[in-house]
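Chains A and B, in that order, are what the protein sequence lines are.
Counting with my numbering, you get residues 363 to 561 for the letters of the first sequence.
Counting with my numbering, you get residues 6 to 355 for the letters of the second sequence.
Be a bit skeptical, because a hint or two may be false.
[Unchecked claim] List of simulated lysine-lysine pairs, BS3-like, C-alpha gap at most 25 Å:
#: 1; chain 1: A; residue 1: Lys518; chain 2: B; residue 2: Lys296
#: 2; chain 1: B; residue 1: Lys296; chain 2: A; residue 2: Lys486
#: 3; chain 1: B; residue 1: Lys178; chain 2: B; residue 2: Lys10
#: 4; chain 1: A; residue 1: Lys446; chain 2: B; residue 2: Lys203
#: 5; chain 1: A; residue 1: Lys482; chain 2: B; residue 2: Lys215
#: 6; chain 1: B; residue 1: Lys203; chain 2: B; residue 2: Lys296
#: 7; chain 1: B; residue 1: Lys10; chain 2: B; residue 2: Lys191
#: 8; chain 1: A; residue 1: Lys446; chain 2: A; residue 2: Lys518
#: 9; chain 1: B; residue 1: Lys276; chain 2: A; residue 2: Lys400
#: 10; chain 1: A; residue 1: Lys486; chain 2: B; residue 2: Lys215
#: 11; chain 1: B; residue 1: Lys8; chain 2: B; residue 2: Lys35
#: 12; chain 1: B; residue 1: Lys296; chain 2: A; residue 2: Lys482
#: 13; chain 1: A; residue 1: Lys400; chain 2: A; residue 2: Lys510
#: 14; chain 1: B; residue 1: Lys215; chain 2: B; residue 2: Lys225
#: 15; chain 1: A; residue 1: Lys510; chain 2: B; residue 2: Lys296
#: 16; chain 1: B; residue 1: Lys276; chain 2: A; residue 2: Lys486
#: 17; chain 1: A; residue 1: Lys446; chain 2: B; residue 2: Lys215
#: 18; chain 1: A; residue 1: Lys482; chain 2: B; residue 2: Lys225
These aren't lab readings, by the way, just hints derived from the structure by calculation.
Keep in mind the model is a prediction, meaning the values are calculated, not measured.
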Amino acid sequence: MSKKSLDLTMKDPHPRPLSRSAGEGGRRPGEGPAWEPKIVAFFCTWCTYTAADLAGMSRMTYAPNARIVRFMCSGRVDPQFVLKAFQEGADGVLIGGCHPGDCHYQSGNYKALRRITLLKRLLKEMGIEPERLRLEWISASEGDRVQKVMNEMTAKIRQLGPLHVERPSPPAPLPSSRTGEECPQGGVRAKAEVQGGAR
Amino acid sequence: MSKPKVGFYWCASCGGCEEAVVDLAEDLLKVVEAVDIVFWPVALDFKRSDVEAMKDGEMAASFVNGAIRTSEQEEMAELLRKKSQLLIAFGSCSHLGGIPGLANLWDRQAIFECVYKEAPSVVNPEGVVPQEQTKLGSNGYALTLPSFRDTVRTLDQTVEVDYYLPGCPPPVKLIVNAVMAILENKLPPKGTVLAPDKALCDECSRKATKPDKLALRELKRPHQILMDPKKCLLAQGLLCLGPATRSGCDAPCISANMPCTGCLGPTSRVKDYGAKAMSAIASLVDSNDEKEMAVLMEQIVDPVGTFYRYSLPASLLHRRVRNLTPSPFKGEGWGEGKKGLGERSGGAQR
Ligand code: SF4
Ligand code: SF4
Ligand code: FES
């Protein structure tokens, strides 16, 4: 009874897309027949990226689902980059750095570990499974580990299904009478007096 | 030349921003002398129809506070946009979503279930919830209410915004500067946040006591310690978000021995305030051991509420993607047998 009274006239012009799970076939409209996990991998150039290179040169095959982005250090991976990747359509994010004690910049990987530890809790509260974010230490010689982690991560994301982060609708366009750059009292805009920066 | 016309309006807000206008004190007289206030529902008896009767762009500026939650607020934002040369997002809620934006952890259905049915103080055996339209008997009259959206939005996610006055509420100094800049036609480029683009620590009176290198083992909340009124709060283990927050407020919270909660939002280099603030605090935790650091970080009880207190709708994720965790309100006496707040099953209902 209660549910019915709630649904009567409540129409939302900005409806949220239904959440999807792997059980629903994991298909997104307009995305072809089968969904494939999209993984963004942030690899530090000194260890994990070199290991990925090695894996390639050794002709190891592994799941082709990750797009690798090279960083100077795992400590440079800002949590904003992770959220941006999810917002732009990544289903999982993999971060690779040097083993503890081996970071080229001494402590970048420890910083990454701290940030990712807290970020995972934040993700869970925001409704993103923490398993979609993985941090791994892979040294330059561990090409086989790149292979293993990539395969594992792809399998995990396949099991979790697509993520799909919805974006807010764009603002309504300005009426044509107000698109000019004119100033309130006419004239040209004078030099900035108020300190500030773009949003 | 007649005086420029300005308007004030409020959307999903607490009313504190309207207070801030009154807080201008004597400066308000200067403002009133220089401009004609033609719309200000909280203080003056002008109606929506008065605004509708204006020519497009007739008002020099409109200051809109509050986040956008209902269809009526959307309409008002669009109307004021049309009638004003400048639209200024006034205060944290309209700038970044503010406290009302934390409701983006839930959706309309969960909120209605909680507020009108499940809350322990509610008696509502018939399960009555607000309807957008109610027909009255046989005379054909219908009463209407605005529609309540699933998601809270910022003003600039609704209409184009020219400038932002940050803060919860915006500091008087910034309001006066902004009004003067408009009157003297000395505005910075469109889209600017009208506040200094530096971190709060920069203007904090305790800056000198902030160590260059901080390593925290204890992250405390204000009620848990006796504070040193002179020492940097972060150095005392309090979650002061000053390092990640824009300055311009003169740090009144710090002066009152309260850590900064980040109401002025980020500087221009930062896209997602909460992620940046979280990153800044996490890197200070004094541990290199995965298990131990997780335990230390448990001291941050509510990461989303702490780091996104004023900016969830403006964040990259902007709302909870789906519900993974059971409602914190579920428990004894909380609507036994019923679904708790946020415990929607699957994706069947919007
Ligand atoms: S961390 Fe807080 S108390 Fe310390 S200097 Fe920065 S704003 Fe001031
Ligand atoms: S100290 Fe922080 S929370 Fe307090 S007014 Fe300034 S920015 Fe806002
Ligand atoms: S250089 Fe590899 S993690 Fe820092």
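Check your understanding: Given the proposed pairing of B:Lys178 with B:Lys10, does the C-alpha separation stay at or below 25 Å?
Key -> Since the Cα atoms of B:Lys178 and B:Lys10 sit roughly 21 Å apart, the hinted pair holds (cutoff 25 Å).
Point to revise | Pairwise hint evaluation, B:Lys215 against A:Lys486, where the allowed Cα distance is 25 Å at most | key: Since the Cα atoms of A:Lys486 and B:Lys215 sit roughly 32 Å apart, the hinted pair is violated (cutoff 25 Å).
Review point. Between A:Lys482 and B:Lys215, does the CA-CA distance stay at or below 25 Å?
Key: Not satisfied, since the Cα-Cα distance of roughly 29 Å exceeds 25 Å.
**Study point:** Hinted pair A:Lys518 and B:Lys296, Cα distance within 25 Å
**Key:** Given pair A:Lys518, B:Lys296 holds - Cα atoms ~23 Å apart, limit 25 Å.
Practice item. Quickly compare the C-alpha distance for B:Lys276 and A:Lys400 to 25 Å and report which way the hint goes. Key: 23 Å, holds
Check your understanding: A:Lys510 and B:Lys296: Cα distance at most 25 Å?
Key -> 24 Å, holds
Review point. Holds or violated: A:Lys446 with B:Lys203, Cα cutoff 25 Å?
Key: 24 Å, holds
Practice item. Compare the distance between the alpha carbons of A:Lys446 and A:Lys518 with 25 Å, and conclude whether the hinted pair is satisfied. Key: Holds: A:Lys446 and A:Lys518 sit about 21 Å apart, inside 25 Å.
Check your understanding: Would the pair B:Lys203 and B:Lys296 pass a check requiring their Cα atoms to be no farther apart than 25 Å?
Key -> 35 Å, violated
Point to revise | Given hint A:Lys486 paired with B:Lys296 - CA-CA distance at most 25 Å | key: 18 Å, holds
Check your understanding: Holds or violated: are the alpha carbons of B:Lys276 and A:Lys486 at most 25 Å from each other?
Key -> It holds: about 21 Å lies between the C-alpha atoms, which stays within 25 Å.
**Study point:** Restraint status (C-alpha distance of A:Lys446 to B:Lys215 at most 25 Å)
**Key:** 32 Å, violated
Violated hints for the displayed structure, listed by number in ascending order: 5, 6, 10 and 17.
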